[in-house]
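Asks: Full structure from sequences and hints, please.
From first to last, the protein sequence lines stand for chains A and B. Under our numbering, the first residue of the first sequence carries the number 1, and numbering increases by one thereafter. Under our numbering, the first residue of the second sequence carries the number 1, and numbering increases by one thereafter.
Be aware that a few hints might be false.
Unchecked claim - 16 angstroms max Cα-Cα, derived EDC-like pairs, lysine to aspartate or glutamate:
1. B/LYS633 <-> A/GLU317
2. A/LYS80 <-> B/GLU644
3. B/LYS636 <-> A/GLU317
4. A/LYS80 <-> B/GLU9
5. B/LYS636 <-> A/GLU308
6. B/LYS287 <-> B/GLU276
7. A/LYS80 <-> B/GLU276
If you're looking for bench data, these hints aren't it; they were derived computationally from the structure. Here the structure is a predicted model, which means the values were calculated and not measured.
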Amino acid sequence: MSRYIATRAITGANMIVNEAETLLQKAIAEKGSETPVAFPNTAYYMPLILGLTGREVSTLGDLVPVLEQARSMLHPVPSKQRWTPYLGETLDSGIATLLAEESIEAVRFVQGHQPERFPGFELAGGTAYPALGSNGDGHLNGPIDDIQLRSWGIQLVDGRMPGFAAIVGCAKSNEVAVKIVRELQRRNILTFLCGNVNGRSIIHQLQEEGVEMGYDTYIVPFGTDTVSAIYALGFATRSALTFGGMKGGQSREILLYNRARVFAFVLALGEVDDLKYATAAGAISYGFPVIADTVIPQILPTGVTSYEHVISMPWNEIPGEDDMQKAERLVQKAIEVRGVKVQVADVPVPVPYGSAFEGEVVRRADMRVEFGGKNSRAFEYLRMVEMDEVEDGKIEVIGPDFDEAEAGGAMDVGIVIEVAGRKMQLDFEPVLERQVHYFINGASGIQHIGQRDIAWIRISKTAAEKGFTLRHFGDILHARFHADFGSIVDKVQVKIISDPELHADWLAQARIAFDYRNQRLADLTDDRVDEFYSCTLCQSFAPDHVCIVSPERLGLCGAYNWLDCKASFEINPTGPNQPITKGRAIDELKGYWEGTNQYAGQASHGSVQEVTMYSIMENPMTACGCFECIVMVVPEANGVMVVSREDPSMTPAGMTFSTLAGIAGGGLQSPGVMGVGKFYLTSPKFISADGGFKRVVWMSSFLKQSMPDEFTTVAAREGDPDLIDKIADETVCTDVEELLAHLERVGHPALMMDPMF
Amino acid sequence: MPRARTPEERSADPAAIQMLKLAEESGLSTAFSRADTMSPCPIGADGLCCKNCFMGPCRVVKEGQVGVCGATVETIVARNFARAVAAGAAAHSDHGRDMAFTLKAAATVKGSDYKVRDPYKLYSMAETLGVPVDGRSVEEIASDVADIAIAQFGQQTGEVAYIKRAPAKRQKLWRELNYVPRGIDREVVDVLHRTHMGDDQEPDHILDAAIRCALSDGWAGSMLATDISDVLFGTPSPLVGQANLGVLKHDEVNIVVHGHEPTLSEMILAATGDPELLEYASSKGAKGINLAGICCTSNETLVRQGVPSAGNFLHQELAILTGAVEAMVVDVQCIMQALVPLSEKFHTEVITTSPKVKISGATHIEFDEHHAMQIARQIVRRAIDNFANRGETHIPDVSSDLVAGFSHEYVNYALGGVLRGSFRPLNDAIAAGRIRGVVANIGCNNPRVTQDWQHRYLVTEFLKNDVLVVQTGCGAIASAKEGYLLGEAALEYAGPGLREVCEAVGMPPVLHMGSCVDNSRILTVLSQMASEGGLGDDISDIPAVGMAPEWMSEKAMAIATYAAASGAYVIMGTTNPVKGSEEVSRLISEGWRDKFGGRLEFITDPDEILQNTLAHIDERREALKLPKYDASKWGKSGDARMLELVELPFAERQAALYGEMV
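Replies: Quick look at the structure:
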């Protein structure tokens, strides 16, 4: 801090705590202190208040002691002369500000003032408030829900999403606003928007320029006032609770966790007022530095934050030929200051490129051309060939480009990638091929869905206008395979085939390979390999958790199967995926081996002593927080239920996914609860020690719908073709009594099985 | 006989110079003038006089000469050194003992004038001393803590409890070297015994015992004194105060407390606010009752309650020379006998209060903790009665504002707030090189050198070189008088890196941490810095130096020894009591460095002190593989530009917000 900042921040803190108290008193007088308060879809009450104070706020009345605590952390402003130290006092006032701001948003939810109304606004990626009318009727995002937090989890830990930026205020111009968020998007940095300067917010600026905002574009508009910045800090608090295994009230640990592991910064655009200084003081306690585009006092000593904590880059003084260059420098500096590790593969295409564009949707009306889908066929096929068969960087477009296709039309395209490398193996073909989806999706204005011979790609009119052609698929794939898999891939060439005859030939060839791979995968079972793989990718977030990935049990995030881990080990032999020699079998039914036990003990730093691969009842595998589903024993039904991350509804356990996740995550071993990847459900080894898939008595309908074919196969394997229909879901029941009645009615096999306990 | 020095040669303090001129005009002697007429005994000064038995005293001044018993120069110098340490440790620790008994009284005597003011500090003591706290009242805990504290003094075997606050590596080293004190009193007795005629006659072995004795001061007696004072009177946190003779009031009853203990002075402070006594003062024509301090009693009341300081050790006579002091109330240590004859020339009444301290001719009102308030009121009433006897006054119009009260608890809080307090930002600042290193500049005044000059010169140079200075005792008051204990001083005097850190925290570049027993706070800070990480894992790794450039008391020898044994490089100025033996000089310097990383050197040239300090800091930085100190990298943060900008009219300010076009 400095005396000036301390003065402004402490003034702002006193003001906002007063305001919060007034608002709360008024709300209690009008609605009563028992009125429930909640943010949508979170198990963490008011998450920041829970994290920093341990208080589980669920009614207006619960906020009273929170504000008392906030008030106790306020201090007088420093004197003009003969001042006493103010750093600790300012940081306390910053925390008081955050407690007050979250309390204010809680009250606003009760009063219907949150999420903030914003006429004509449509969130890219959907809304958490269907009750407010259809998306597009005009409201901003409000707080991020637990589901979104978890689905971003794996990207945050594996570095695809290097951090988040909270932008507060209003940029110098609309063009600058767009450039700044594009620069952040290009680096896959999650961007939160809030605040205003004299009533005008960066959200207005981006809206005017037609920038899509929402979960899908990594640009999340919280609100047009500074108070809504609290959602960014609530998000940060929950990362520590969700992935760090921390409990509410562990304020010091939560703040230090954020300082060490969450790469976030605040970008203050335009004049900084008292409340912004006060909120920034709170953010600084989390270790998040502040970078302003105006003159403010710089505070460069480190310690509270890992690097400098307040940086001033007055806009006119940023070197650069024009505003666009200045914006670029500003973002670069922000990234430097937070020490955010960004790996950007330089991808030579005429449109912006980065994972932040992965979620972009190309609507039919905006579409120039599509490949695959209903009206055409597209496939992608990666194969390994001999070194001398590949000319690195050679990209051939065989057949016509899409300039001849009609606007909004469709055509057949095949993408054949040929790679060679001394460390390349046949088994890595599908691992690399699956990356095509992410790589192609990274281009702005291109949408990729599916894989293999059901790929479906759309190119937007904007992208086509900027000069995107078929050849650019090759450019993307060449650049990214080298950047991400350079240690196993030495040479890459790409054929993009639109010639109808060749297309048919190559498709037939690809299908032979796909069939071979399917068979290989079916043959790849736990008992046929000597090594499993560890995955400690999430230890940057969940320090005591370790995944053990076997051919028949993929990682709980769904992103890493055994082959992926094997390839990853080849790419980075000292990385997070290490081979674990199974060693002597202790109990093959439950899945105990000497090697796996020993590894689990060591990698969890002793917090786990033993782990079973196939049981939920005995020493189950731990979870970080990124799991796709939670499996939990329903003792009354002698079976288990499976809740998907996407399912916000109540479950027969009396808890929603978010609440259950608190029990399952954080590297804790809790018998009866387990976080898993959804494809593990279909594995013959799915809780095989406890009776296998037939134990599933309840399952989120989302899962049934998202992989019907796979479940049909499982039901046949289990010898009960109607099994899936016998499994209840949230449309059938959400409590145990009804569940039992349903199971009796359909004759679910779990009722006849041996008792689980 | 040497030439008498001018007032300007005797003191660097303008208030002192005024009073010394007055003394000269009045023909009154002071320590300053007596130092000119009383040359130090050259044999004793070098540590070569042995009077440990009555076959002597023996003076060994020639090469190869030995005492009557055959004691060598090395043995004699080492014994004298050890005895000084033991006396110093005894003084500090006995202060700690009295505090422990006061705590016991506070906990057990109904209606005691003392109570536990900082229960958190009590809990932290309880944790170290192994006293259970759950479900117990503050009084129960305090009573047990006091019992264990008292027992530390008489403990015969085992280890004193606070040793475990040191870095693990240091503890291990002490255990290996057999330095861990068994009990406080035992180590003092041990040194006195082994330095008796015909005992320990191997210099290194004698010095080892001195180290163990000194550690029983720093890591036991003094540390208990500090902790208990905080429990009873509050753990210091920053507050604004004033220092120098100008704090005495022309129209109020001036009571000066002098010595080292807070027990009585805190009560007198309370009594000065008593409406009945204020009324009484008013009835005697005084506008109020003004309490001021001298020496470390002053530091105790300054850092906790903001009671103004009339000055450091050499100001004791000068305060009386103002003619404005109604009562000088003294407790223990550093009280010159000269006060009494001097006070007889004025109306000032010197009141001794400690059962251990009587001075011929002074009024003795013996203090006991069970009647504390009553005694305090009696003293204040006497002072008020004396107001009418005041004659002409000469209060110099010189005083400086200051910010004091940096306990390690507060520093920890200041660097992260209530949720995230730590020493990390300090360690970071040192590691990066914004702060080049830390100097603990402590200790006394000594009339043989110009008062405060060395303190001032060194602190000025350290600040310029981005060295953070922490101070206690009379050195701290020297800096206070110079205006260094202010946030503003960082802007004016500190180098660019230190300035940035001070501006970020809002702290002065010189931190006042308390009285001379509070050097234990510095040990705690160093231990916490070591455990915070980034600066090695022991005190000896930290780029820090301890020094007492104007020391004079035996306590300073004890402090220097425990600081060195804790791993610090310690420099003592002014005089060299081991000068007589090259071997002892080598033992306490390279010998100690090789054994346990710290060392002690007596260096009388301030420039050499400065150079050695910076060299040691840079050498430690290099050993830690920290970047070389480079001031040109720093100084880019702060308020200056913003403060200019906010002065602009609104429209111009809006335009200037985005900076100047480049």
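Asks: None of the hints should be skipped; say for each whether it holds.
Replies: Do the hints match the structure? See the list:
1. B/LYS633 <-> A/GLU317: Roughly 20 angstroms separates the two Cα atoms, so the pair is violated.
2. A/LYS80 <-> B/GLU644: holds (15 angstroms)
3. B/LYS636 <-> A/GLU317: Holds, at roughly 15 angstroms.
4. A/LYS80 <-> B/GLU9: Between A/LYS80 and B/GLU9 the Cα gap is close to 37 angstroms, so the pair fails against 16 angstroms, i.e. violated.
5. B/LYS636 <-> A/GLU308: With a Cα-Cα distance of about 11 angstroms, the restraint between B/LYS636 and A/GLU308 holds, given a limit of 16 angstroms.
6. B/LYS287 <-> B/GLU276: holds (14 angstroms)
7. A/LYS80 <-> B/GLU276: Violated, at roughly 36 angstroms.
Consistency with the previously given hints fails for numbers 1, 4, 7, ordered from lowest to highest.
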